[in-house]
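Peer 1: What follows is each chain in one-letter form.
Protein chains: 2
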Amino acid sequence: MPIAETPLRLPIPSLPKGYRVAGTHAGLKRNPTREDITLIVSDTPATGAGVYTTNLVCAAPVIFDRARTPGVGFRAIAVNSGNANACTGSRGLSDAERMATTAADLVGVPASSVLVLSTGIIGEFLPLAKIEKGLGTVAGRLATDSDSVVTAARGMMTTDTRPKLSGSTFTSGGTQYTLFGMAKGAAMVGPRLATMLGVILTDAALNPRDAQALLGEAAERTFNCVSVDGHTSTNDTVLLLANGAAGGKPLSGKGLEAFAAALHDACEALAREIADDGEGATHVLRIEVTGCPTRDEARQIARTIADSPLVKTAICGADPNWGRIVSAAGYSGVRFAPDKMLLRLNGTLLFRDGAPVEFDGDAVSESIKAARETLIELDMGSGSESIRFYSSDLTAEYVHLNADYHT
Amino acid sequence: MPIAETPLRLPIPSLPKGYRVAGTHAGLKRNPTREDITLIVSDTPATGAGVYTTNLVCAAPVIFDRARTPGVGFRAIAVNSGNANACTGSRGLSDAERMATTAADLVGVPASSVLVLSTGIIGEFLPLAKIEKGLGTVAGRLATDSDSVVTAARGMMTTDTRPKLSGSTFTSGGTQYTLFGMAKGAAMVGPRLATMLGVILTDAALNPRDAQALLGEAAERTFNCVSVDGHTSTNDTVLLLANGAAGGKPLSGKGLEAFAAALHDACEALAREIADDGEGATHVLRIEVTGCPTRDEARQIARTIADSPLVKTAICGADPNWGRIVSAAGYSGVRFAPDKMLLRLNGTLLFRDGAPVEFDGDAVSESIKAARETLIELDMGSGSESIRFYSSDLTAEYVHLNADYHT
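Chains as they are written, first to last, in numbering that gives the first Met the number 0: chain A, 0 to 406; chain B, 0 to 406.
Excised from the complex, chain A in its bound form (with noise of 0.2 Å):
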């Protein structure tokens, strides 16, 4: 089934210095209008960190990655979608190792210096050949201006709709330093990551501790709050390189306090993202607990609503079904006082004292239609902890496109 591509988000962010990128299409998928290679260098050897699925499955490039970070000296990153390497054993290990050592090859680095993704079909082996040509290509087209952005970003997409990029600059000691992000993802995508890859590129220096201490925070409170369909799939991997181009010690202090706030902007502005463009989806939910004694509670509600069908439909359909929320909240597994829980809806009270309240649901329903997004404020009364969750409605959209997509 062909994905109906959607328009980019302006504007197109600026990549950190120091660093080149290209996408080309090598035939991994049918449609040659979809890139399907992408390759990331970077001019100066980087500290790189990474964030994994906590899937038992996993993907070979994930075991391949996991050994390498946190680690300094990184050069590149060699992207394949359309092929998820996945299921595949030994044979799909080596072929990881194969597919690191000829973009190494192909860009006169170290092989050990570079890290592969990989997303799209679980359980065949990668197409190597088209690989080496693919890679091939975009070794010979690596640049910096925002058509190759563009298509780097695409390079990683398998349906979604449209890349996900996100930038920022911030300052330190008089140094202005850039902050890229570029993402994937729109379905088997559940909490603790989903198929969803992420790559993270910054000009800034970063000792690997830090580096990797800030993208597992960061990506705890982003990527790890949103779900699709709650599907956490084998390959889920967000990526940080900081190569330090832009000059000065590794941060720290103030610096790196700095670098900490712009990284969770561009991961939750990437995983916002995720949850927009979920396969069918028609709206994202913006999923606020609060009143909670811990995290992890907030956390647990949120996810349960966030995933439960019922909830998501209801949403599809512009109707402010209350019931169905806080009966999710009620499943969710977690102790709490039904009769201490307030929930709003785009803003109106729906539910107080365990009892309706009093709405017209007529507007509460407009609103719902009115907007891509649909806040769900839930506030359970019994502490001062809090999560921020996204998710997206459940369309037939989804079932079409999920129940048509054969292996």
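Keep in mind that the hints were calculated from the coordinates and are not lab data.
Any given hint might turn out to be false.
Identical chains share a label here; the pair holds if one copy fits it or two copies do between them.
In silico SDA-like links for lysine to any residue, alpha-carbon gap of 20 Å or less [stated by the list, open to error]: (1) K339 <-> I62; (2) K339 <-> F358; (3) K339 <-> G88; (4) K28 <-> T5; (5) K339 <-> S89; (6) K339 <-> G72; (7) K368 <-> D403; (8) K368 <-> L400; (9) K248 <-> A212; (10) K339 <-> L55; (11) K339 <-> L92; (12) K368 <-> H399.
Please arrange chain B on chain A, whose structure you already have, making use of the hints.
Peer 2: For chain B alone, kept in the frame of chain A given last:
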């Protein structure tokens, strides 16, 4: 949206001795051809047991019945559909009490001998006038014939396309006993009970402790192993009445074992029917997880597969997409060795030793298309515990039903 009905599964089981039932339409549902009030009466006091939703946000009838079971002296169960009497606070509780008292007065039994069941929309108060009128009608129509049984079972239905009935006989000490079950449920059906109501009647005598223990055990292995959409309801209830009308002392020893077996079979048949009648379902999924160290781990893996929208849409599309099944096991939260896993779909081996296996994809796809039931067998290779779990596929029709079913 009118519910398209499907043919009743035949034969219609007989009621045990000493029970009479009736159902009617009293205007709780808009469609006059859909019954919404049911009354079940035991001519003599019966032992009663119940199992209930684990949802913290539970409905008034659940609170009402839970306080009264297990026990003795029960004479009637009053049921309404079209309104769940859930999230209705203290008024909901007094409404449930009023419903029980009304039925007791009409039948001429003590108010304390009546249990109540409600299912339908959450968050609206019971229309007591309609319920009282309906109870008056059914109290005058109590009978034991097949038509009355079917009409009574229909009075429990919400989006079910047919009533769910089950029956059998068993013999102990020369006496033949009858077991009868009826249930409803087609969505908001998740593990740990579902928006499902079940009533089991027997003319055997049971002491309350045995009744409760055996009902709990049967429910744990049947109703707790069915999921349509993973959304545990506020109202789930299964009630058991044992009136001893067939004669004999309370069952013990082998008689109790024979009853337990008949009870398990009835519950399993009804649970399977609920999955089979899942909203919009075109397939029922039978998931057999074996080779686990513990039964809870087997259940957790089966439940994660049963609830994965990607697995459910793949079956809808007749796609033997084993990667979705294997990766669902991987994110279930259970620790296991992926390379010991062995997966069969409709009897064909799809995955072994952590790697793909050659198989005839078209033939497996045809086998999915050819049958209502799809069999997923997953052997984890790490123990001797197992579970059987039922689910349904996810279709565009499920989304239409739930997006268009408005509060």
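Peer 1: Hints numbered earlier in the text: which of these fail when held up against the supplied structure?
Peer 2: 6
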